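Protein chains in written order, with our numbering: chain A, 7 to 272; chain B, -12 to 488.
To be clear, the hints were calculated from the coordinates, so they are not data collected in a lab.
Note that the structure is a prediction, hence the values are computed from the model and not measured.
A few of these clues could be false.
Claimed, not checked - Computed, partial: chain A to chain B, Cβ under 10 Å:
#1 SER26
#2 GLY28
#3 GLY53
#4 ALA55
#5 ASP64
#6 ARG67
#7 ARG188
#8 THR190
#9 ILE194
#10 TRP216
#11 THR221
#12 GLU222
#13 ILE251
#14 LEU266
#15 LEU267
For glycine and all other residues, C-beta sits at the position ideal for the given N, C-alpha and C.
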Amino acid sequence: MSPAGRALHAEWTKTRTVRSSGWLLAGITILTLGLGAVIAASVRFDGCAPQGGQCDIDATRIALSGVYVGQIAAVVFGVLVASSEYATGTIRTTLAAVPRRWLTLVAKTIAVTGPVLVASLLAVTGSLLVARTVLPSNGFTPAHGYPALSLGDTTTLRACAGTVLYLFLIALIGLGVALIVRNTGAAIAISLSLLFVFPIVATLVSEPRWREWLTEWAPMTAGLAVQTSRGLETMPVGPWQGLAILAAYAGAALAMGGILLEVRDA
Amino acid sequence: MTYASTVSSHGAGFAHLLRAEWTKLRSLRSTWVCVGLTIGLTILLAYLAGKGNTTDANEVGPQRFFAVQLVHRPLTGDGSIIADVTNQEDTGPDAKSGLMITGPITAPTDSTQKSVGGKTAASTSAAYAAIMVTPGHGVQWQSDFTEEASGSKGSSPRWLKLTREGSRITGYESADGVTWTQVGTIDLAHLPETAEIGMFVTSPPTGVKTVRRSPTSTDSSPDYTLSTAVFDSVHVTGSDGEPLTGTWKHLDTDGAPRELPHDSVAGSFTQDGDRFTVSGAGDLGVQQPGTGGDNDAVRDSLSGILIGFVAFSVIAALFITTEFRRSIIRTTFTATPRRGRVLAAKVVVLTALAFVTGIAAAVPAFLISQPLLRANGFAPPAYPTVSLTDGPVARAVLGTGLVLALLAILSLALGALLRSSAAAITLVIALVLTPLIIGPFLTLGGEAWLKRVTPGAGMAIQQTRERWDDAIGPWAGTAVLAGWVAVALVAAFLQLRRRDA
Chain A
7 MSPAGRALHA EWTKTRTVRS SGWLLAGITI LTLGLGAVIA ASVRFDGCAP
57 QGGQCDIDAT RIALSGVYVG QIAAVVFGVL VASSEYATGT IRTTLAAVPR
107 RWLTLVAKTI AVTGPVLVAS LLAVTGSLLV ARTVLPSNGF TPAHGYPALS
157 LGDTTTLRAC AGTVLYLFLI ALIGLGVALI VRNTGAAIAI SLSLLFVFPI
207 VATLVSEPRW REWLTEWAPM TAGLAVQTSR GLETMPVGPW QGLAILAAYA
257 GAALAMGGIL LEVRDA
Chain B
-12 MTYASTVSSH GAGFAHLLRA EWTKLRSLRS TWVCVGLTIG LTILLAYLAG
38 KGNTTDANEV GPQRFFAVQL VHRPLTGDGS IIADVTNQED TGPDAKSGLM
88 ITGPITAPTD STQKSVGGKT AASTSAAYAA IMVTPGHGVQ WQSDFTEEAS
138 GSKGSSPRWL KLTREGSRIT GYESADGVTW TQVGTIDLAH LPETAEIGMF
188 VTSPPTGVKT VRRSPTSTDS SPDYTLSTAV FDSVHVTGSD GEPLTGTWKH
238 LDTDGAPREL PHDSVAGSFT QDGDRFTVSG AGDLGVQQPG TGGDNDAVRD
288 SLSGILIGFV AFSVIAALFI TTEFRRSIIR TTFTATPRRG RVLAAKVVVL
338 TALAFVTGIA AAVPAFLISQ PLLRANGFAP PAYPTVSLTD GPVARAVLGT
388 GLVLALLAIL SLALGALLRS SAAAITLVIA LVLTPLIIGP FLTLGGEAWL
438 KRVTPGAGMA IQQTRERWDD AIGPWAGTAV LAGWVAVALV AAFLQLRRRD
488 A
């Protein structure tokens, strides 16, 4: 087996055999699906538009809203892949076995990618199916301007594919931050802050320019712009453009983590 | 010779324990990093909240309201109207039921009509004078949006009388319909010879009705409730002193059926001999600005503690999880076999540090944001100047320390329970922050419920003025958070006692 193959195999074995991995991957699917179902079941068309009026609820976004909590499992999964080795000291063994450190980084990235993509795919398709069943009974019917959610629709397809990619990028942010700070608690706190702080700050300011800026450049809100299926023209950032901003965050975190892995003593 | 420990097994023991725990906390390098981050982030967010919030609450001028349900008939020349307001529904202190004389009211056109939150405020050029009872302010006299006078403090039942002699209009009140007291009088020079005279009912909004249009947008409109009043023994006397008979007309400020976009609060009336039941909603008179500002700028400037707390939760959880990871906990428990006391000592030490940190963050946050907010329009009269010594502000600032302390203990207890910093930190951040993120996706009721039952309810202690979206009161919210802390602590204590370290 080639060195790259061995490195990858080693990382995969670690991921597979750590007890928390299974829990967290299940968490991505269950939390996303569960919260999405609760939210889809709780919204009502007549609560949104009593006695006529305009309802601006985006059914696709509602269907996939479970990702707001599911992403916590994804980010922690990404963090633990790197930080648990620092906590136990196994990282020295790992780096002794694979002296080319960038290879370890690549192997870890791939070990994160595969499982997270699978869990996310399950979460997203499941959420869509649930919402497709639940939303029409809450008044989100074709008569009210809400056709049944379907992957055949390009915006829905974009939202679903984008959300899978979103969860994957979020896990990479966790991995990158963990490589930078090398401490589980700190890495989780920092990456969760990176996700949640901007939207919370946005609720504290009233100036539209500030809100727009915070929505456009925050990893979470920019990345989830990909879920938008109505009112696209009023969004400060386009769907793929937003996901690209998130990818830039993930890339920067990973690159910085990789550089520090190369230059620092373990 | 038997060995006897020089350390007392109780009493002084707890003081030693406190010192031991404080030494551990003090010498963890990350403690001071986290304390610094908590204070720094809170102040930074206060600066952002000060810079990024603007309001035009003070630029709204006084608004004239002439939106009433009027039951009227013409009166030529001198005359009077008397009625016994036997029953006025209390829909708020400013609900108005009474008698009015007015010139012909022109139907509002697009140029004269001003829609205020879905309620037509017809601007009438006609002169008017009115005497009325209110549930909260007794008998009131009002004319032409300017003249106002107060009568007795009593509300309904009350007899009211309005008389016209030439251009002089006078309003009287009476408890029995026999002895009359003058409340107000005015010379309405431009009242035409034939005026409209009758009974009116109106009721200003008592709150704001909000509808969620999407997770990012809500529509708010004044919440009008129809007030109903009963006018008994109504009689109108003409210039010859004889009672006038004839049909009454029913006007909703202008006689035109009103179309309201959000809520239909069109009034109505029924007549039974000389007894009239009238219901209406709207307002009469001038509403001064100053009640318009409903943003809680102080709360917004202190909310950064939530972000600061993320940093603090790390140290709070590590305070116990580090001991498990490094097995120092065994030494600790050997030194103090009563594990509950160890937990208690940790709680005391951490509470003190968190409370002081919270105050050290909140005081500068308040002082920095206030001048910025004033410069952005949060100034008197809509936003009165506030200082640290005001009751609600002091409660918010001290409460910030309290909330940080409670949240820190929650992190500590979860750390003791789960014995993993990753799990404890993730769980506590998720419990506190995610309700804020997913709340907007729920209905307004669902969001309020979420804000009431999650640990974040404790943030309510930062409220300094009432708002329509307050989910829970300051102390009730703190109690909810304290409940979470109590349950987590008890679970942690039982777990510590039961399980091997």
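Next on the checklist: Just to be careful: measuring from the Cβ of ARG67(A) to every Cβ in chain B, is the smallest value less than 10 Å?
Outcome noted: holds (7 Å)
Checklist entry - How about GLU222(A): closest beta carbon in chain B under 10 Å, or not? => result violated (14 Å)
Next on the checklist: Quick check on SER26(A) please, does its C-beta sit within 10 Å of some C-beta on chain B?
Outcome noted: Holds: closest Cβ of chain B sits about 8 Å from SER26(A), inside 10 Å.
Next on the checklist: So, as I understand it, the hint says ARG188(A) touches chain B; can you test that by seeing if any CB pair is closer than 10 Å?
Outcome noted: violated (12 Å)
Next on the checklist: For the restraint on GLY28(A), tell me whether the closest CB of chain B is nearer than 10 Å.
Outcome noted: violated (14 Å)
Item to check | Residue hint ILE251(A), partner chain B, criterion CB-CB below 10 Å | outcome: violated (18 Å)
Next on the checklist: Less than 10 Å between beta-carbons is the criterion; does GLY53(A) satisfy it with respect to chain B?
Outcome noted: Holds, because the Cβ-Cβ distance from GLY53(A) to chain B comes to roughly 5 Å (cut-off 10 Å).
Next on the checklist: Is the interface hint satisfied for LEU266(A)? The criterion is a beta-carbon contact with chain B at less than 10 Å.
Outcome noted: Violated - the Cβ of LEU266(A) stays beyond 10 Å from chain B, reaching only about 18 Å at its closest.
Item to check | Restraint check, 10 Å cut-off on beta carbons, for ILE194(A) near chain B | outcome: holds (5 Å)
Checklist entry - Does the interface hint hold: is TRP216(A) within less than 10 Å of chain B, judged Cβ to Cβ? => result holds (4 Å)
Item to check | Residue hint ASP64(A), partner chain B, criterion CB-CB below 10 Å | outcome: With a minimum Cβ separation of about 7 Å from chain B (threshold 10 Å), the hint on ASP64(A) holds.
Checklist entry - When the nearest CB of chain B is found for THR190(A), is that gap smaller than 10 Å? => result OK, holds: THR190(A) within 10 Å of chain B, min 5 Å.
Taken one by one, the earlier hints fail for this structure at numbers 2, 7, 12, 13, 14, 15, listed in ascending order.
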